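Colleague: Top to bottom, those sequences are chains P and X.
Residue 302 is where the first sequence ends in our numbering, and the numbering goes up by one at each step.
Residue 261 is where the second sequence ends in our numbering, and the numbering goes up by one at each step.
If you are wondering where the hints come from, they were derived from the structure by calculation, not from laboratory data.
In this text, all values refer to a predicted model and were calculated from it rather than measured experimentally.
Glycine residues also receive a C-beta, built at the ideal position from the N, C-alpha and C atoms.
Some hints could be false.
Listed below are several chain X residues computed to face chain P (Cβ distance under 8 Å; list not exhaustive) [claimed, not checked]:
hint, residue
1, R30
2, R31
3, A34
4, L35
5, R38
6, R106
7, T107
8, A114
9, P115
10, V116
11, S117
12, Q152
13, D154
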Amino acid sequence: MADCVVVDRLLKRYGRRLAVRGVSFAIEEGEIVGLLGPNGSGKSTILRILGGYLPPIAGTVRIAGIDVTADSLAARNRIGYVAEDAPLYDGMRVGEFLYFMAAIKGVPGRAARGAVTAAAERLDLCKVLGMPIGKLSRGYRQRVAIAQALITDPPLLILDEPTNALDAYQVIAVRTLIRSLAGRRTVLVASHVLSEIERIASRVMILVDGRLLTSDAMREACHACQFRLRIGGSAPAILAGLRGIPGIVAAATELSEGAESYRIELAPTQPVAEVARAIVGQGFALSELTQIKPDLEGVFLDLTRRAASVEAEAA
Amino acid sequence: MRRFVALLLREERAIFTSPIAYVVLSVFLVIMGYTFTLTLFVSHSPTLVHLFFQIYVLFLLTVPIITMRLVAEERRLRTLELLLTAPVSEVAVVFAKYFASLSLVVLMLALSGAYAITLGILGQPDWGPIWSGYLGLVLLGAALIAIGLTTSSLVSNQIIAALLSLSLFLLLWIIDHFGWMLPDPFDAFVVNLSLLVHFTPFATGSIFLSDVGFFISVALLGLFLSVRALARR
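Same shape as in the complex, but just chain X (with noise of 0.2 Å):
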């Protein structure tokens, strides 16, 4: 467990000494905070269901930025020989890489929770949709961390890896629009695929453990690709 604190404890400092994570929590609060002023002005209704969407749309943009160095870079600086040749699991090593980009993530969440301060300030927002879009954001954030993860953990060059993390993102997010187009029974099953198809619930206030069991699938599926692409070396 110390071993995998300390591990934890250099990649939160590595991405939080970074400026990526400044310009991207920067760049993330700018866009929701005009979203959010703009639809409380234009809809006058106490609601963030349009500020969820935004930000589900900002993170399948902004998650590649911030995994792409994760492991690529590891790699291409070599010193991932010097951590492997270390007393430490593959294992340890992704999660600790994993569970840091994901606190950024959770960060960005907690700040953006100053809408949802404000609206109960100025009005009565109902609170079952708000945390349940929070909820649906962080399983979100852990499935494309996963993925972000794995791509990076197959290259050694970080622009390829945001770059394949983005490409498949927005596969996941528009996959539904071709699932419609396949013979039965394919079309569901591509559709079940689609990011968008389970985040929806989420934003609008309902939710299904389907739609929890799929964001934690995909997050373990990445994780466990990780960890074989980091033996395979």
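In isolation and in its complexed conformation, chain P is listed as follows (with noise of 0.2 Å):
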């Protein structure tokens, strides 16, 4: 699939701070991609950048082919975009408040009332359409700065945050819709909170101090492959077969459910079903063989920890 997004060696600066330092990366169509990354690591700068809100002091941003910077209008007309704690017009009724962002997004009068009545029902808001937005709790205000964003069902959807605040059953709906859109539209997704993003992303950038430590952190996590074995028998002896085995670059026992079991992390190309064979043919009672499902906090961690230690280092 052709990239939708794609960012160059971007560089954002405040004053005299560097809040994004030449990140890289790109999205392909159809992807959700989550940014994660602790408050204050330039997630909200890179994504008003890629908005057309904010220009960078270098690099370059593509969507769809065109440069944020050079055909402003262009891209962004490409792009529906929710920023943080969704500030919308407060004074204005939702209905209104939603024809007035079709007709600035260039939707044709006519046309208007459809994608206002398709975005009100796909965010169910048709009961509110008639509320002052000052009057809406915390969840329907979000509501409504996404309907906003797909108004015009733009190929790029750009989400800052797009969970803050909200109660368990709106965070399974805005969830759920955000998942609806995969295949269809592109997704950017931001937000600090790590259980989200890994539900909601098929991929996940991990952003920190306004580097991109990762641009596939899932991948990161599945490159250590590793297994747990249940495997009858003398822990000293499985242990040493196990060692043994092509493949395999290392083994450990664990405790897992109360019962003894072995951990084994296998070599990135490994087919497991190999090694599966090798455990079986020297004899062992292999009973139970389970893929250890990637740790993105772990991934997270060590990777926040490894770059912690280099700019310790340079320092």
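Dock the two chains into a complex; use the hints.
Modeller: Next up, the structure:
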């Protein structure tokens, strides 16, 4: 698939502080990508640059092949943008606001009615179309913000902390909505909540202190391909046997659900079926082989720790 | 154009649903009514010259209140981010805010037209100075709003925006007093920055292209700086 977003060596400075330091990444059409990072790591700045709101001091951003800095209006035509904390015009009514957003996004008069109705239905806003935005709950405000972003059905949706301050039901609804766009629309979601990003995105980028530590944390997590085994017999003999099998990089015992089991790490290109055959071939009674799911939290902590130590060494 | 009209209508709505507009209109009309009645009964002459100078002073005091929220509020509430991530240009945003504010000033002047009509009913005024006075006031309002819009674009605090505008207006009001103290050729330059120097001919029935050009130039400079300030973000 073609790239919908291409970011190349992006730099942004606030006064003397570098907020974004040479960030590069690409997002394919139809991907749902999460941008994870602690508060103040530069996520919102990157999204604002992508949204055409902030100019970078160096680097380029292309959306559907259009340079955001050189042809900002054309690029913004292809974006639906939801800013952090959903800033909206409190004095306007929901319906009136959606019509206004449709008009400034260039939806012709006749089509605006259909676009507003569709967005309102999608976000379950029909009941509150006549209400002033200032009187809405936090959850409804967020939904109105997402509705205005979807009103032109843009190819790229940029969401900054879309589930911030929402209750559990609202979080589920927003998550379901974002997931429903997978394959049809490209979505870039920024959040500092790891569990949220893990559930929404198909790929996670990690940003710390303005630097992109990885553009695919899930793959990084899978890189260390780990499995849990249950094998009956003497532990020292089993461990020695496992370590002797080609393709097993590391093996150790661990307690899982009250019983002793073994954790093995395979070389990245090693097929697991071959390893399973080798274990059984050695005469071990293998009763269970489970892949240990990629631990995003572990990758996040590991990468941030490594980045901090590199920084400390450089200083 | 459709996008600009949508922006303009939103700004008009924001201005005319705000209590500020009605407070400004009420204060303006009460003071104007008092001045008009008083001068009419004292001078018994069918002229609006005094009224025009009073409106001039009231504009210096009320325009900062009208313009202070225009961009500063959007910056503070972060709705500027909502607006400028949509496919609208900074020029369209600035012009929509400008013309919406100008419409309030024109409405104020239109309502004060009741005094001109009253003069027409009660006496036989010289309509020339009345038309030129209103033209001068529209041009003055256009220039002041552009300056107010610029200060509002530079800061995110409305009060500071209003105080900055007011300070600039007062400086441009009395700047000719300082100008006369300067040596040639600086005196002429500084005196020509005075709002009052350029407004007085309009109020007294004379229209000079140089005065028209001055107010239009100030308005265009203010609009240009506002667009730059918005693009700088």
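Colleague: Run through the hints listed earlier and report the numbers of any the structure violates, in increasing order.
Modeller: The structure breaks hints 12 and 13; every other hint is satisfied.
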